[in-house]
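Protein sequences appear in the order of chains A and B. Each residue of the first sequence is one higher than the one before, counting from 1 in the numbering used here. Each residue of the second sequence is one higher than the one before, counting from 1 in the numbering used here.
Fair warning: there could be bad hints in the mix.
Computed footprint of chain B on chain A, listed as stretches where at least three residues anywhere in the stretch have a Cβ under 8 Å from a Cβ of chain B [to be verified]: (1) 36-49; (2) 69-78; (3) 220-229.
Result set (PhoX-like, lysine-lysine): computed pairs, CA atoms no more than 20 Å apart in a straight line [as the list claims (entries may be wrong)]: (4) A:K81 with A:K125; (5) A:K123 with A:K81; (6) A:K63 with B:K203; (7) A:K122 with A:K63; (8) A:K14 with A:K81; (9) B:K256 with A:K63.
Simulated from the structure, these hints should not be mistaken for laboratory data. Ideal placement from N, C-alpha and C gives every residue a C-beta, glycine not left out.
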Amino acid sequence: MITARGLYKRYGAKVAVDHLSFEVRPGMVTGFLGPNGAGKSTTMRLMLDLDNGGGETLFDGRKFGTIHHPMREIGAVLEAKAFHPTRTARNHLRMLAAGSGIPFSRADEVLEFVGLSEVKTKKPKSFSLGMAQRLGLAQALLGDPTTLILDEPANGLDPHGIHWLRDVLKSLAREGRTIFVSSHLLSEMSLMADQLVVIGRGTMIYNGDVDGFVQRFTQSSVLVRSPQAAQLAEVLRRVDGVAVSQAPQDGALQVSGIATATVGELAFQHNVMLHELATQTASLEAAFMSATGESEEYVARELLGPPGGEPALQPGAPAEPSAGPPAAPPVPPSQPGDTTPGGAE
Amino acid sequence: MSSALRFEWVRLRTLRSTYWLIGLGLLLTAAIAFGVSFATRNDIVTAEDAGIIVTGGAELAPFLAIFLAIIGIFATGHEYRHGTIQPTLTAIPQRSQLLLAKVLMVALTAAVIAVVSMAINIGIGSLYWGSGPDLGAEPLNEVLPGYVVFVVLYAVLGAALGQLFRGVPSALVILLVTPLIVETLIAALSLWSALDWLQPALKFLPFSAGGRLIATTPYEASGGPEFDFFDRWASGGVFAAFVAIILVVAWSLFKKRDA
């Protein structure tokens, strides 16, 4: 059980981690999710006392620095290639084992477990990222810890490797261990995690189970195809809270705010023939995008349109709202952006 | 603490550069010892010659000390260069203990290697010394332990510099440039009449003072700046104080900074 309280870290004026509090429970995999630069690694570094900052993290009630031989209780890997390039994989693990009172034979066991037995006497400078990740996992498992903290362990793994990692983490969780895994890819996490801690720009966005995240950040909609689409759209619009849009190409209706079964019943009651009726749930990726979209730290610029493509300002709308006129004269209730020309409903 | 020392021991002996640097250091000093012994085989060996033979010419170019200082730099600097400080600190989060273990292990290695090197060099020298100089008499009875202290201080300085700069290159530059260029330059400037007030301060130049630990003859100006060093052990103390200051600064920053 990990309890993080009020984790806080600032670099100059920039707040990297803003009072994060969460719990990571044993017996399940907890995914730590956020876009690049959201503060995931910094949070993990704070948890392990590698960085100085505010707040505290307790591992079964104890701070990391007070645990004797922490590697035997907490296996952590924050960087994929944190080894000396010419020290063999086995010696790297033996070195850490020596520092934690773990027998050397354990190095061979974990290398066998992660499938690196054949290269254990090789220099890891030639390791691929996937092999480095496996060595990292071996390092984390060296002390047979009850808690695992892994930063982006699936980075660089091929699909087969990701599948393997998922099975490993799930089976370790089933043994009652506490597992905290970060990723910037929700697709990875949706395969591995039971619980999610989602952050953006250092602040908490969501903390709970995966399904709850999807429900909260996805809007499911209903796709309807009908030869009498216009008539059906008319009927549906009369229902409170329902939005209907029609695809211009094939005339299919996209209906939100209503259950699929209700659409079917309404069509039946109004003698509308349906060719297709389907529930559409936005993907987890879409949920992630909608949850973290505004909190992305480094956003690539959209491709610019042709010059002069800016929408014309509405007449009467102030060109620059911050000009600061001497006194505000009574302004007619014109709100720019309220009536977008060409907007759908 | 014992596990931090064990960690450091495995770290040191699983690194190929450790063997290269020690091997090369022993070989180079032995070669100098052989060269000087061979060249003076028909003469009476003076204490000065014997000092050069025993220390492998350390008074002129302290190869072994520099190679062990590089081992010291690697002990701390490699952790940052290769990002291993993260796994290291998750195994041993007590930073003071970790740094102390590194310093102790590097110092111990330096002491052992300095003794081994002197044994090899005395062995080589004795092939040519008929009766041989008296190692138990002045100044050799002080040069021998002085050399061990000298090499140990260099090695500890390396570890401190590697920790201070959190990397290898800057630490190497400081280690090599300070004695060769900075101190030589200050000594040269003090010869200029406008800067002759520098001369009394020259005895505090750390590397020059450290060199007195292995000196076989008193300092003579012979055209250089006119000043007197402290005696052998006090001069060694100046160098040791310099090393201690660097180490304390490195340690306090290590305690305070993000890893």
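To see whether the hints hold, each was checked on the structure:
{"no.": "1", "hint": "36-49", "result": "holds (count 3)"}
{"no.": "2", "hint": "69-78", "result": "holds (count 7)"}
{"no.": "3", "hint": "220-229", "result": "violated (count 0)"}
{"no.": "4", "hint": "A:K81 with A:K125", "result": "9 Å, holds"}
{"no.": "5", "hint": "A:K123 with A:K81", "result": "12 Å, holds"}
{"no.": "6", "hint": "A:K63 with B:K203", "result": "49 Å, violated"}
{"no.": "7", "hint": "A:K122 with A:K63", "result": "36 Å, violated"}
{"no.": "8", "hint": "A:K14 with A:K81", "result": "28 Å, violated"}
{"no.": "9", "hint": "B:K256 with A:K63", "result": "18 Å, holds"}
When each numbered hint is compared with the structure, violations occur for hints 3, 6, 7, 8.
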